[in-house]
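Visitor: Line order of the protein sequences matches chains A and B. With the numbering used here, letter number 317 in the first sequence gets 317, and the count goes up by one each step, no holes. With the numbering used here, letter number 423 in the second sequence gets 423, and the count goes up by one each step, no holes.
Hints were generated in silico from the structure; no laboratory data involved. What you were told as hints is all true, and nothing was included just to trick you.
Beyond 10 Å from chain A on every Cβ pair, some chain B residues (computed):
#1 Gly-175
#2 Lys-311
#3 Gly-409
#4 Glu-414
In silico contact screen, one side only, chain B against chain A (beta carbon under 7 Å); selected entries:
#5 Pro-95
#6 Gln-96
#7 Asp-100
#8 Lys-104
#9 Lys-124
Every residue, glycine too, gets a C-beta built ideally from N, C-alpha and C.
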Amino acid sequence: MEAVKNAFDFGDMPRNELGLAAVVLAFLLSFPLMPHSSFGMATMIQFLMFSLYGMGWNLIGGYGGQVDLGKAQYVGIGAYTTAVMMIRWDVPFWFSMPVGMALAVGWSFIIGYPLFRLKGHYFAIATIATSLVLKDLFEVWNFVGGARGLEIPLKGDFPNWLYLQFREDYYYYYVILGMFLIGFIYMNGFRHSRLGYQLRAIKDNEHVARSLGIDVHWSKIKAYAVATAYVAMVGSFHACYNFNIEPEDTMSLDLSVLIAMMAMLGGAGSMWGPIIGAAILVPMKNYLGSWLGGQAGFAGIDLALYGMIIMFIAAAQPRGVYGIVEAMRARRR
Amino acid sequence: MRKIALVAAIAMLAAMLVPAMAWAGPKEIKIGVIYPLTGPAAAAGRELRAGAELAADIANQVMPGINMDMAKNGGVKSLGGAKLTLIFKDHQGNPQLGADLAKKLILDDKVVGILGCYYSSVTKTVSAVCERYGVPMINGSSTSPTLTKRGFKWFWRTTPHDKWFTKDLFEFLVGLTKGKAKGVKAVPREEINTLAAACEKTEWGSNVAIEIKNFAKEYGFNLAANILYAAKSPDLSSEVQSLIAAKPGAMLFASYTSDALLMIKTLKSMKAKPKILWGQDAGFDKPEFVSLGDDIVGVLTRSVFLPSVVKMKPLSGQVNDLYVKKMGHDLDGASARAFTGLQTWVYVLEKAGSTEPKAIQAACNTISIPGNQLVVPWVGIKFSTKGDEIGQNVLGGGLIGQYQKQKDGKIGLEVVYPFDIATAPLVYPFQGY
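So that you can see chain A by itself, here it is in the shape it has in the complex:
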């Protein structure tokens, strides 16, 4: 009961942030009703997906201070569980998604237990390694389609809620928006939870946290498991949304880095960071890429611009965009 109360307790947020949140929520809910391009819709869906990935990353990377560059492996586990169960045993999305989350959480315990004995860069490198090893295994594992991946066959009768197959993207939009809202509210509860406070204490000073009786190792593993559940959930959605998955697009290092980058750009360790990061990078990635990529002679410039903006933010304010907002607020006081 306490946990539910915590989740809906936004009392500690500044009033203008709450106002802004209400405006954003109203916008998100009504977006499909407004005139929009289909590319705008695809971009919004990706924005919500990456916000959720970022929230997952933020749990362990932001609140816990453990830079994780292997989140894509959990995207892959979620996506593959759903796809394999759907193709081989005709299991609906709503059953395979929790199974995918459970498998991913199980895997996170297996690798989290030894990995959290490492710190700093060593931890980051170890997460990259486990993710790449898993990707390589999937690439040669014929049961899951090997490097060619899996294609989910079309059921034909749209809309199909059970298998999450729709012709129009706004169905997908509302499904992922629902996940986004649940994820956001859960995240708010997590901030106020015992584990949330423990994690922040660990991030500030691990030795002090330990002296206060916090089981540092176990707290990290638990938080990592929660983070994993977020990412695997969206991974399952990814499989249904794309109808096609490959190790290369669900488990690549590019994806892991992108997830971490969005959260860091927005501001690691804050509620809004991953959302701000995704709101900046996803449209930029999509629009600049499709606009410049189609013009002869300009192809590739978008990638250079993209890199420059990230370098600029990293140099100007390492705590990301939300860090800039906080710094301004502090100055005004």
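Mind docking chain B on chain A? Use the hints.
Guide: Frame of chain A; chain B shown alone:
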């Protein structure tokens, strides 16, 4: 400060809300073209784009010097001389991005149909989007066999696929042992009986690997190594080491552009000495590949178009001249097939006499384009409508070419297979490094 943030937020929202300026004029037919214009296959993307553009130019104008029906009409005649407009999109080799771009083209730009996507992995997702929306897609250059085995109703492929190409390779190897190759005496079987293959590991390459494995078994060759590698990989030395360790008579590759270059450089640095070095088109058939100079003399590649085809087909020569004027070099397998893909679109629209999807679907399923209209050396274009392959052109064919030093000192491709149309004697064995 808050004002600035507000303005920025509104600007961003506005950018997302503005519907793309979708307005189909009566005299314009929009075709969405999705290719890898950046990323590891950017070089191929440039050729593909130029090939499709050239076909559209020829279709839109009256060109008396070109002996092709579409060069005489100045637009699509059955649609009142409507001109083709190509809308290019860059999928960067990313299947998900490809699918998003396909939706954008279909829903925002209101294209009549799609041409693309070179990468089989992207063609797979894009064709699934087209299938969902009932929009026709013609594919000119993705060769993964599975693409036409899905029973799709809105997908047609003009190029032959890897099963045919790989069979050609084994026919070539067997022919070599029987002394059929021009200028080479029968090669003892044991000299080339051991094979080693390295294929890039996405949809295309991994299917090539499977075909190689199956045909090696069927033809009784010993496939000692069959490696999959990442096309983006910055280093291929461990892969090459395993290839050399297998002591193969023939090394076989399925590589995109940058990895094909790296592969040859690594083979050279490790002093590989196979008797035959064969590539499955793609990276082995790019202008950049020729820049490796003497290192590739004797290398074989399968293709659907080689500049020496010009000697056999005058029409290819006419189109090739225009291409050279535009790009500064000859047509290659990628550009010739992109050209043919768009050309097929023109003939299909001409036959359909309408831009309605159903009419186009019917036209695709019944069209028959004779070989004398094409730049590629095929019997023609006719799509299968039954059996386990739906939408596959059944009249295509492949070539095997070899890089040879020509009289002017330049390195060029000569046809060495099919044996009866070889344009030069085969150089055997490969020089080695």
